[in-house]
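Let chain A serve as the given structure and place chain B on it in line with the hints.
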Amino acid sequence: MNFLVCVKQVPDTTEIRIDPETNTLIRKGVPSIVNPFDGYALEMAARIKDARDDVKIVVVSMGPDQAKEALKNCLAVGGDEAYLVSGRKFGGSDTLATSYVLACAIKKIEEIEGKFDVIFCGKQAIDGDTAQVGPELAEHLGIPQITYGLTAEMTDDEIQVTRETEDGQEILGASFPCLVTATKPSFDPRLPKIKDKLAARKKEIHVLGEEDFDIDFTKCGLKGSPTNVKKTFVPPVKTGGEMITGETPEEVAANLAAALDKEGLL
Amino acid sequence: MEPKTKDLWVFIETYPDGSAQSVGLELLNPGRELAEKQGGKLVGLVIGHNTDAAVKAVQEHGADQVIVIDGEEYEHFTTDAYVNALYEVITKYAPTAMLIGATNNGRDVGPRLSSRLQTGLTADCTKLGYDDETGNIAWTRPAFGGNLMATILCPNHRPELGTVRPGVFKATEAEEGRTCEVIKEDIHVAPEDIRTRLIKEMKEDASEMVDLVGADVIVSGGRGVGGPEGYEPLQELADVLGGVVGASRAAVDAGWIAHSHQVGQTGKTVGPKLYIACGISGAIQHVAGMSSSDCIVAINKDEEAPIFDIADYGVVGDLFAVVPALTAEVKKIKGIA
Chain A
1432 MNFLVCVKQV PDTTEIRIDP ETNTLIRKGV PSIVNPFDGY ALEMAARIKD ARDDVKIVVV
1492 SMGPDQAKEA LKNCLAVGGD EAYLVSGRKF GGSDTLATSY VLACAIKKIE EIEGKFDVIF
1552 CGKQAIDGDT AQVGPELAEH LGIPQITYGL TAEMTDDEIQ VTRETEDGQE ILGASFPCLV
1612 TATKPSFDPR LPKIKDKLAA RKKEIHVLGE EDFDIDFTKC GLKGSPTNVK KTFVPPVKTG
1672 GEMITGETPE EVAANLAAAL DKEGLL
Chain B
8 MEPKTKDLWV FIETYPDGSA QSVGLELLNP GRELAEKQGG KLVGLVIGHN TDAAVKAVQE
68 HGADQVIVID GEEYEHFTTD AYVNALYEVI TKYAPTAMLI GATNNGRDVG PRLSSRLQTG
128 LTADCTKLGY DDETGNIAWT RPAFGGNLMA TILCPNHRPE LGTVRPGVFK ATEAEEGRTC
188 EVIKEDIHVA PEDIRTRLIK EMKEDASEMV DLVGADVIVS GGRGVGGPEG YEPLQELADV
248 LGGVVGASRA AVDAGWIAHS HQVGQTGKTV GPKLYIACGI SGAIQHVAGM SSSDCIVAIN
308 KDEEAPIFDI ADYGVVGDLF AVVPALTAEV KKIKGIA
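Chains A and B supply the protein sequences, listed in that same order. If you want this note's numbering, it's the position in the first sequence, counting the first as 1, plus 1431. If you want this note's numbering, it's the position in the second sequence, counting the first as 1, plus 7.
Looking at chain A on its own, in the form it has when it is part of the complex (with noise of 0.2 Å):
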């Protein structure tokens, strides 16, 4: 079995802090980390693997050279080759971009690491947050695909995913070659062990860049991209809330009732 990981490199979103002079992201200190989501689609692909003796598992990445970082992460706790995909003319791409070049970057890989049985990613990226590069990638490279996914399973002929619907769970049978989304599952993935991070440091990271595979520039980056950013804002606080006091908390509760009824709440 041949698996693919698709992972990106993301501030750490939850140490995000807002500069309350310019109302902007305080980006600066903020730790990269491996998306959440994608760790969580490395991990689904990891448990596969420890239940099998046949799987490779291939991690790729779209970004700058300091992704290897992430890449090495990835190293380190399942994944077996790395390949960063990294250009300036991929930078600015949208969702659709972005999923058009990683589909490009994908077919050249696999000539050099097999085909894929399957394609790992996660349901979203915690700065952009838009779950769409996941599908969108499928669609370019014409596999079916499931989203959602919180565990999986492997018969020889079929994966099999427990995805989250709006009303609880279905399993979902798809065979090869498919692509899987990962949500949260109920379990943390696996931290790496101190002798897979020492080798993870020591293993190359492939580089394919711009030129290194067969690509259409007019469909990446920022020309290339059918959606862009109008602008950005912070949302607006919300101001002028009450606070509401006593001497008790009976007190307190018949003041709170008194507030909420006269705006017809009750």
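Derived from the structure by calculation, the hints contain no laboratory data. Just so you know, not all the hints are guaranteed correct.
Derived DSS-like pairs: lysine-lysine, alpha-carbon spacing no greater than 27 Å straight-line [to be verified]:
(1) B:339 / A:1693
(2) A:1634 / A:1624
(3) B:191 / B:280
(4) B:134 / A:1661
(5) A:1662 / B:13
(6) B:11 / A:1650
(7) A:1661 / B:210
(8) A:1499 / A:1539
(9) A:1633 / A:1539
(10) B:338 / A:1615
(11) A:1693 / B:338
(12) A:1480 / B:11
(13) B:308 / A:1693
(14) B:11 / A:1654
(15) A:1615 / B:207
(16) A:1654 / A:1520
(17) A:1661 / B:99
(18) A:1693 / B:177
(19) A:1654 / B:338
(20) B:308 / A:1662
Below, chain B alone, put in the same frame as chain A:
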């Protein structure tokens, strides 16, 4: 694709019983305004099986036209059946834009469709506007876990597509008996073109099912409730208010309450008339899911908790003292013995 009409479409996702999911009906409301701006019709696109109830609901919620694709293969959602049907009907009519509810299935099929149509899609919008200058829809959405809002345009590709969060817009009151033109499209997908198979369905326990999105009142508990039994006073308050109980991710992750109660980025987005947050600190991921509530009450021991920043009414205090006292007060006001 060159648009053939100025029509604005709303995708109406259906349940297996053929009724419309509420998000589609909600989107007819902002859809009306956008259709008028663009000078086209408001069209509801219904896909499902035995869809009479959905078609009726779309007419009663103000569409100018309904297009229906009905077939057995659409009873249970599959990516392939839905994307094939959507692609076929969209290329036939070439509308200028389509709104899709940002449910799990909407966000599954939306990007796949945008990729097939080679057009732009904006994810998980919480605000829709119209950019008069360029004649495009202004799609506004949160990013960076809700820390930043971005307004996106899709200037040169049609149809422009967007998924929109359930619960952000409110459906207009249904106008009983209202009808409009209904077009049936005979579009079918062959079984061999559906490349995933349903092996098993696990619906949430009916006793644990909760309609957060449709609720007028939500009493929500977070880490501060301390355990599963901590939800009892919240449930009692919700009962007298005619509401339901919600939860933060911390409480769901701790196993105190089922995931179906979860409000926030990895749970449901809600917009009730009254949201009472008990023992919830107000992490941005939670706030992202409830900030459009009409009135927010925060009850928390920690006066520094960020939830107070967005609350209309704040109480610094022990929820286990305040909540039962509030229940008693509400009973008094409502005259419940």
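Here is how each hint holds up against the structure:
1. B:339 / A:1693: Distance ~15 Å between residue 339 of chain B and residue 1693 of chain A Cα, so the pair holds.
2. A:1634 / A:1624: holds, 15 Å
3. B:191 / B:280: Judged against 27 Å, a Cα distance of about 38 Å means the pair is violated.
4. B:134 / A:1661: Judged against 27 Å, a Cα distance of about 14 Å means the pair holds.
5. A:1662 / B:13: Holds, at about 26 Å.
6. B:11 / A:1650: At roughly 24 Å apart (the allowed maximum being 27 Å), residue 1650 of chain A and residue 11 of chain B satisfy the hint.
7. A:1661 / B:210: violated, 41 Å
8. A:1499 / A:1539: holds, 19 Å
9. A:1633 / A:1539: OK: residue 1633 of chain A and residue 1539 of chain A at ~24 Å, within 27 Å.
10. B:338 / A:1615: violated, 40 Å
11. A:1693 / B:338: holds, 15 Å
12. A:1480 / B:11: violated, 50 Å
13. B:308 / A:1693: Given pair residue 308 of chain B, residue 1693 of chain A holds - Cα atoms ~25 Å apart, limit 27 Å.
14. B:11 / A:1654: Measuring from Cα to Cα gives roughly 25 Å; hence the hint holds.
15. A:1615 / B:207: holds, 20 Å
16. A:1654 / A:1520: Distance ~9 Å between residue 1654 of chain A and residue 1520 of chain A Cα, so the pair holds.
17. A:1661 / B:99: violated, 30 Å
18. A:1693 / B:177: holds, 23 Å
19. A:1654 / B:338: violated, 61 Å
20. B:308 / A:1662: violated, 38 Å
Hints 3, 7, 10, 12, 17, 19, 20, counting from the list given before, are not met by this structure.
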